[in-house]
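*Asks:* Below, each chain spelled out in residue letters.
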Amino acid sequence: MKPIKPIKKTVAGRFPRDKIYYIFFSLAVILTGLFVSNSYYLQVLTFIGINSILALSLNMLMGYAGQVSLGHAAFYGIGAYTTAILTVHYNLSPWLALPCAIFIAIFVAFLVGIPTLKLTGFYLGMGTLGFGMIVNIIFREWTDLTGGASGFVGIPSLELGPVSFYSMRNYFYLVWAALLLSIIVCKRLVNSRIGRALRSIHDSAHAAEAVGINTRNLKIQVFVLSAAFAALAGFLYAHLVSFISPGSFDFMMSVRIVTMVVIGGMASIWGSLLGASLLTLLPEWLHAFSDFEMVVYGLILMLIMIVLPQGLTKGLIDIYERSKKKDNS
Amino acid sequence: MNVQRKKTTAKFPLLKIESVYKAFGGVQALLDVSFDVEKGFIVGLIGPNGAGKTTLFNLIAGVYSPGRGRIIFDRADINKKKIYELVTCGISRTFQNVELFESMTVIENVMVGQHVITKCGFLGAISSLPWILKEERKAKEEAMELLAFVGLDKYADKKSSDLPFGWQRLLEIARALASKPKLLLLDEPAAGLNAVETRQLGELLKKILNRGVTMILVEHDMSLTMEISDKIVVLDQGEILAVGTPREIQSNEAVMTAYLGK
Amino acid sequence: MQEILQYIFSGITNGAIYAIIAVGFSLLYNSTEIINFAHGEFVMIGALSLVTLWGSFHLPLPLAFVLTIVVVSGTGLLFERFAIRTVKKPDHIVLVIITVGASIFLRGIAMLIWGKDAYSIPPFSSNPPIDIAGARLLIQSIWIIVISLLSVVALYFFYNKTLTGKAIRACAINKKAAWLTGIPSGKMVMLSFVLSIGMGAVAGLIIAPITMCSYDMGTMLGLKGFCAAMLGGLGSLWGALIGGFILGILEAMGVGFVSSSLKDAIAFVLLLLILFIRPGGIIQSKDVQRF
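Those protein sequences? They're chains S, D and R, same order as listed. Heads up, the first sequence is in the working numbering, so the first residue is 1 and it goes up one at a time. Heads up, the second sequence is in the working numbering, so the first residue is 330 and it goes up one at a time. Heads up, the third sequence is in the working numbering, so the first residue is 592 and it goes up one at a time.
No lab work stands behind these hints: they were computed from the structure. Glycine is no exception: its CB is placed at the ideal position from the N, C-alpha and C atoms. Some hints here could point you the wrong way.
[Stated by the list, open to error] Some chain S residues near chain D, calculated using beta-carbon distances under 8 Å: (1) S192; (2) S200; (3) A207; (4) G212.
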């Protein structure tokens, strides 16, 4: 038997440390909002926030519970289109449209989740892919309701009493506040009984059942949760850009969300932030390449996955530790 | 031995196997098997390869349901129960090849084992209300206590896959105990352990018995089985060959023939 | 009646194309368990290569055929060598992202070479359509059906009658055991890639005359071919063929009798249905366990 160094500190809670992170995070957001005045940068940062919520939501499903989804953009789209339709066609206040959007996403996720989550591994990926494609086709073809392929125009911007979120800075704060909230929710979940049960499904569905976890129910629950967050991201997106089209919620978007999670690092909450930032910034940087944009984007995706398949966070930590070991020996 | 006499006086057996039959396609794995497991016993399930031990074990653990016959646990029929429902009823198991949650720490593994005796759900976790935090704290304390019980409390924050194999087995037992089972099913707990570890395991199983947990044990290690079991069920070719105390089994001629051949 | 026959003709034509794309997916999945999301892009490159070689350079058709297949398979070879073999941790999800990355990359390359315009080329032969019970059957449709059936039959013989084909199958069943008997499994994987992508090239060749060819035509074709493969039973040659034809015909019927806006949805509804009812597909591969 290999001797193992015993650890003294055992029951030390990780909650206080999280609180410090949250405070740092809030400070960083507030300072960024104060010092960045260029509205283009603020807009990019806002997109990073929205994409982080998306990545986070998928990470709960994929990174923690180990259930791959290649159709996550569908829920993002459902959130965006629901609020668009309700606020424009039915003149509903956006703040009332938000719960409706989330509720519809939850409802759809529940209906779809029951048969789909019976599938495992690869087949689950394919099932979610099919679902995502069908939802996207509905966005494109139900022209009366969604505006069809040419898109949905004129989604109102958000207002809350005297505060108008038409200003990019305010919207930035709104999105990042929503992101912080999402992070707190996910962190709490991950470190709870539910989070442990989710991770146990990922490690061994077999053993999870044997300790009394109803894996089917739990998978559906986390699928629903992740759909709800995706719908929140969709809501924020729709009211930010005021124009949405099916192209923003297609198969490529689903893959982009998966890529954010994988590049950031599966089962890593701060990693999702990193992955989302990278995949949001990359196309912005690549605009400079104009016609070569797609080529370079594809190449970078492949390279990261070839070199650091476990994601940037874990991959870089590994490289760092290896180099440290070399220095020591 | 006299301890055992006293135990048999309990009126209802904890687990009652009633004429259970199971076939896979054309292969009959179990033919009409019946026996009782009394409360507070360690029952050893032995037999040559292919005798149907694993099938029987999996039937009790809910992996399969019997083709015919009934399995009654705590006076309730558990034939149709799902695997995860059995844990709520009070049946817990370990795996022959040790199935831990490898990405988790040692203590987290035990805490997953407490799934059915804790309540916090999605909303509870998100809200982190005082009673949830209290439950979490209490769960952690109990998990630590269980780790101390199997002797792994010093390694609570280690990743479970970093433990040596023998300790992983102990951890798996601690995880199985975390749901406070009435019946613990052990699938070859000594497989892959060396002589010292096997002896320690035997001690541990006796300690578990003192906590009031009944056990069923499928095991190849005869000396361990004979030493700790109160009752032994010998299976051969899907049928019960003999039931009795270790001493009775050791002197049973049919058993000798089945094991050694004529 | 005449209408139905017309729909069936167009369904079979499209079905043959889906079938041959599906065969490409199945071949590769069988020996490597990889789903190549860039497969559609190889179809696109095949079609556009033919546009250039035959349509612009006016090479003889057979030569253009061979050159196209060589070019596309060569690209596939490079893809396997540099993008797939170099992966350190061949997880499903990592491979999915790599092949999607490759598909974006290939689309970008195609856009650089051919621009964003759509091209069309004339059918392979200029005979007038045949009239069958009032329905018109294009000669190009016959070309498409014959070529795709021939390719599948050729593949069948290759896999069942030749030593190399058997070696690939052995690798698919058990890589290590095959390696122990002296089969170079790495080379077999490479060969599977070349064959699979070669099938993509063939699909591109036969589809070019009946559609507008542009750099972004591949993605949807690839996904639908994939649906056909799942429908028939991923990993099975005949399954791919059956899945392709069923998808093609149902799509034509759906467009004809319901609405053309349904066209793209049918493939994915079928995909979901088959996953929920019979995940192994119509022709269930014997060892579904593996998948």
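*Asks:* Can A207 of chain S be said to touch chain D, with a Cβ gap under 8 Å?
*Replies:* holds, 4 Å
*Asks:* Would the hint on G212 of chain S be counted as holding, given a Cβ-Cβ threshold of 8 Å to chain D?
*Replies:* Where the cut-off is 8 Å and the nearest Cβ of chain D is about 3 Å from G212 of chain S, the hint holds.
*Asks:* Given S192 of chain S was flagged as interface, is its beta-carbon under 8 Å from a beta-carbon of chain D?
*Replies:* Hint on S192 of chain S: holds, closest Cβ of chain D at ~3 Å, below 8 Å.
*Asks:* Does the CB of S200 of chain S sit less than 8 Å away from some CB of chain D?
*Replies:* For S200 of chain S, the interface hint holds, since the closest Cβ of chain D sits about 5 Å away, which is under 8 Å.
Of the numbered hints listed earlier, not one is contradicted by the structure.
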